[in-house]
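When you get a sec, could you build the whole thing from the sequences and use the hints?
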Amino acid sequence: MSDLLLSSGAGGWVVALMVILVIAGIIASIILIVKLFRMVRESKMPAAKVGVWDLSAGDSGFDAEREKRMERVRHITKNVLVYLFLTICAVLAFLPFYWMIISSVKTETEFRESVPTFFPHTFQWKNYWMIFHQTTSTARGGATFQQILINTLVVGLLSTLLGLVVIVITAYAFARMDFKGKNALFGLMLATMMIPGELFTISNYITVSQLQMKNSYTVLILPFLVSVYYIYLLRNNFMQIPNSLYQAAKVDGLSDMGYLLKVMIPLTAPTLISITLLRFIGTWNSYIWPRLVNTAPWQMITNWVTGGFVDRLQPTSPWGTDWTLYGGIYGNSMSLDTLKMAAVCMVSLPLLILFIFCRRYIMRGVSKSGTKG
Amino acid sequence: MKKFLTVALACCIAVTGCVAFAACGSGTDYDHTIVFYSSQGDALANETDTAIANFEEKYPGWTVEHTQPGGYDDVLSKVRSDLTAGLQPDLAYCYADHVAQYLESGTVVNMNKYLVSEQSYSYTAGEEQGTVDRIGFTEEEVAQFIPGYFEEGKASMYTVPEAANLPADALITLPFVKSTELLYYNPKALETLEVDVPETWDELWDICAKAKAEWPNCTPLGYDSEANWFITMAQQMGFNYTSPTEGNHFLFNNPGAIEWLTSISGFDDNYYAKQYITTQQIYGSYTSALFIKGPEAGGLVFCIGSSGGASNQSGGDLFTTGVAPIPGVYRDADNDGTEELHAECISQGPSLVMLSGGNGATNPSEKEIMTFQFVKELLAVEFQAKFAMASGYNPMREDVYENAYYAEFLTGKDPDTHASLNATKKVVAAAANTAKKLTDRYFTSPAFVGSTTARAQMTSVVQYVLLGQKTAERALTDAVKACGGNPAAQQ
Amino acid sequence: MEENNANVGAIAGAPPKKHNKFVQFFVDRGLRIKGWFVDKYTAIKDFFYVFTKAGRAEKKARMAEGPQLSRGERFRRGLKTQSGWLFVLPALLLMAVFTFYPIIAAFINSFKQGYSDMTGKFNGWGVDNFVRVLNGDTGTGGASFVQCLVNTLLLTFISVPLSTLLALLIAVALNSIKRIQKAYQTILFLPYLTNALAMGAVFATFFKIIGTSSNTETVGLVNIVLGWFGVKPIDWVGLTSPHWQLGSLSIPWAKYIVAIIYEVWSGLPFKILILFSAMQSINKQYYDAAKVDGASRWTTLWKITAPMIMPQISYLLVTGIMGGMKQYSAIIGLFGDTMGQDYDMGTMVGYLYNYIELGQTGYAFAGSLILFIIIMIITFFNNKITKKRTTYR
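Going down the list, the sequences are from chains U, Y and Z. For any residue, its number in the working numbering is found by taking its place in the first sequence, counting from 1, and adding 1. For any residue, its number in the working numbering is found by taking its place in the second sequence, counting from 1, and adding 80. For any residue, its number in the working numbering is found by taking its place in the third sequence, counting from 1, and adding 114.
Incorrect hints may have been included.
Unchecked claim - Here are some chain Z residues pointing at chain Y (derived, C-beta under 7 Å):
hint, residue
1, D231
2, G253
3, G255
4, T326
5, D456
To be verified - In silico DSS-like cross-links for lysine-lysine, where the CA-CA straight-line distance does not exceed 30 Å:
hint, chain 1, residue 1, chain 2, residue 2
6, Y, K354, Z, K346
7, Z, K417, Z, K405
8, Z, K405, U, K69
Said to hold, decoys possible - For each label pair, taking beta carbons as the anchor points, the in silico distance ranges come out as:
hint, chain 1, residue 1, chain 2, residue 2, range
9, U, Y327, Y, S500, 24 to 30 Å
10, Y, T325, Z, G238, 24 to 30 Å
11, U, L212, Z, G238, 28 to 34 Å
12, U, F358, Z, V241, 50 to 56 Å
13, Z, Q399, U, S245, 26 to 32 Å
Everything labelled a hint here was simulated from the structure, so no lab data went into it. Glycine residues also receive a C-beta, built at the ideal position from the N, C-alpha and C atoms.
This is how it looks when you write it as structure tokens:
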């Protein structure tokens, strides 16, 4: 075991700590279980009755006391195991994020050490400077990180807001209005959800090409404005609003649009916020379509990440002219993992920050979609 | 209220519509804008800017839109998808394999009608007009084009489909700049091993054995392009690769190929098994990254890579990179009883292809003529010299070598300051010097629809065999099948 | 829903003759299938009723009964009752262009033989594309359909149950604690927000071996950890990744493990959230009742919690399998653009994009239709199974 810890190197203390925690947890659990069994034996009760929940069953005060103690021990054991299990899961869930963040500030040499370090020896923030001053291999005249970020934000906001308008009015029509062929149309729209979106891609590509919409924001927004799933979700939400409200509004002289704006939207605001956030996240993560229809200056942030980042000679930098991170030992054609991790951080962190501030809405939106379907 | 409803809805639809069409009309006047796709990186694109500036100055009212969709394959897939939608560029970087696929669309321009045309032409530029004094090159200029490169672009090199609408003698592409594969070596390492630069593969393998004994951690040889290796060896050793004959394209499953593949394989005691070799796919990056580390640090002794990538091969402070032709084999090909050296090397690098009628231009023939004027700028002596210096590629015309500027560069001096070049530029100059002497060794492989597939399959074949995952027989049989050929008909 | 009623009707209509279990199974299936057809037939008949003589007569009679209105009035009324169309118009227009038209186009184009998207030309109509796709005889060196299908099915049917089970365990654990529950819940939810391409790249670094065969720089975190237990380094994601060969089919098991680990990791948050919120919404009275009855914890879990959240579990399995059938970007993130070596980790969707990129849209269209049919079949069976399950409620 000591070999194990030593081999993980100077920075391996995090692993060591994790391993120690896990081992301590296991030992504690074993001790508790042993104790528990000893107590069971001492109580001289038939083992079958151990599982009984009813504490008042004991016929003497002594037994009740013992039962209570056992109960507590069992409770602790259970809790220790549960927390241990959850901790391991949480650590594993978080490990990739941790790895991504520390790798992004490591030097490439450290990253490639045969035994990886769990905490960087040196923090190389210049990695970030390097990726910001690198255009994607495909781009010239504007496909810097800034440009890509602006693209992503503009497309994200426009497509979210416009999409929301379309979703709301469509959902309203399906939920509250009567018109011929309503159900048939709704059924048809729902049926398209069964068809893999990839089936559309080829024809859509030809369509947008013929409409000469390539290399624009439009082409990133327009095909995805309608989301049948969210229409369905919102329609159900609208339908939960009691009909009496609608009648009352009609009596008050509110039109359909007025009713929608003044009653329904405020009532379904939480769902709307969730939809907005989820749609924004969806746009942020889009990759295939932008790559297909747009050239680099019009692409989205995930396209930027897959470009590959190299130790490129920088004519000017805060650290002098003709500066490189590693003096050219990795050449200027080798894609470096640390730089890639820095870029991955730039894509993932905004989402994590969004999550911290809007955790409730995002989780509600996601869980809501689970109750239907 | 009802009014409000209607107005609001109308607004919604209007906004959707506006967004839909606001960005469409990006305002480019494609009647007077030449669209050019290349795979140039930032540095080379800056060089190209001078050619664009020259063109725009000569022909006011006309502009060039230079787009870099990515690597060669990205240019291919972009042009192909653009052809689907009628948005093809007027001019594009190409490999012969790519053009074979474009031909089907019927938009590839036969440049013969412009090449030496003496006619003048008056063109429109917005409200105004201008004149092109002479559409084509002069005969003297064309005579300067290096024939080996120039021949590549003739229709006879292709399997031209009927849809292409091209005569048999059509000129489909013009060479832009060319490169070949070179052997970059580490002179310090060779000195330590007390050996000379190898001329043949056998000599090279001997040196590899010595290097491996000296530095157990090193990998003596890195070959960047697996496919090129196979195709080059087919030429050098005289076994078949592909043929342009319709219906019988894929000939690479033959005993000669099997023998060679087995000799470098990861099976038994062959070269890969001895850890002599790595390639771009196996290493995961251009092997130049390993070469510049030096063998002491687990790097390479030899690196075979493109002359266009010479700037990545500089050993920096560690060593001064040496450049030599790739090794060959001695064999008696013409049955005269004496064995001669076969050290053919592949000719690659971008050519230029013109496509007509893209982006809904209303004046296709005028655009073709103006695009050709831009081609002339790209092939002008001054520009070719500058571009060759920046990239390490070979210029496509003989008289560039006589250009004082370029000649001084080849001697290892900076033509601007007359000072000695830095280490990186020195390697570029050395590579250009070496490649210049090899023009008689150049060869190309036939291009047809499916030659891209064959190339890609060769990459896989070499990989599988090196890594010991498939025997040579098995890998080649699978490759023929993947190309759509009939494995039984081969051998 | 209709379907269900039809089934019930069909079964109820037939006199319940007792068979042995084996025969009964098939009788049930038969009746159900029959019921399905009868139901569809009735629906179609109903729909076309208005076009029959009797239907038209009925309509005329109904019209005559109602109040007579002027033409203008009728138009205005019609407009008012039909104003819903105005509301759905934007969505309808967009879907017509970007959803309905592509579906029709895909159906038509997949039957064009030797279709070239560049020229729009083709040799004739037929099922040639489908035959070639299924035979793997496309002659383009692209991905193999059978390989992609096997990969997709294997990955989906291993990773989805696995992650659902794990999610169930975690949700039960989460549900049984009181302190810092929110914190655990939040951390466990984090992977949901990530980008498959980005996190795929991170996972790849865990498994990647960097260096040459004679000079390895690092064997990656996972290999190092395995090394502590004496396991030799495995090339998980690289070119020498181990695999089993079954004829022309290759089973790259090491890459499968990597992909499954990623799928489980990225699929867990959603599943935990759904199961956990389902558990939270179970009425506490059930548990109290169980306590009074003296049920053990295990019994409580299996007799109360599990049946109560069965709809959610089946929902997760269905959506998980649907999602699994469409996986693509995670594979690109983990194994690069060629989806492993020679597309040996290709998926169904990956197959489509591969052939779009190769300019062979005919094959891509055919492949997408086959994918559609497979998804339909799976959905059909899913519905059958989940319907049975949810009745326990």
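Structure-based check of all given hints:
Checking Z/D231 against chain Y: minimum C-beta separation of about 5 Å stays under 7 Å; hint holds. Taking 7 Å as the C-beta contact cut-off toward chain Y, the hint placing Z/G253 at the interface holds, the least distance being around 2 Å. At a threshold of 7 Å, the smallest CB-CB gap from Z/G255 to chain Y is about 4 Å, leaving the interface hint in force. A hinted interface residue such as Z/T326 counts as satisfied when its beta carbon comes closer than 7 Å to some beta carbon of chain Y; here the least separation is about 5 Å, so the hint holds.
At a threshold of 7 Å, the smallest CB-CB gap from Z/D456 to chain Y is about 5 Å, leaving the interface hint in force. For the hint pairing Y/K354 with Z/K346, the CA-to-CA distance comes to about 20 Å; that is within 30 Å, so the pair holds. About 12 Å separates the Cα atoms of Z/K417 and Z/K405, which keeps this hinted pair within 30 Å; it holds. The suggested pairing of Z/K405 with U/K69 holds, with an alpha-carbon distance near 16 Å, which does not exceed 30 Å.
Take U/Y327 and Y/S500: their Cβ atoms lie about 25 Å apart, and the range 24 to 30 Å holds. Between Y/T325 and Z/G238 the C-beta distance comes to about 26 Å, which sits within the given range of 24 to 30 Å. Taking the beta carbon of each, U/L212 and Z/G238 are about 29 Å apart, inside 28 to 34 Å as hinted. Taking the beta carbon of each, U/F358 and Z/V241 are about 54 Å apart, inside 50 to 56 Å as hinted.
Taking the beta carbon of each, Z/Q399 and U/S245 are about 30 Å apart, inside 26 to 32 Å as hinted.
Going through the hint list in order, the structure satisfies each hint without exception.
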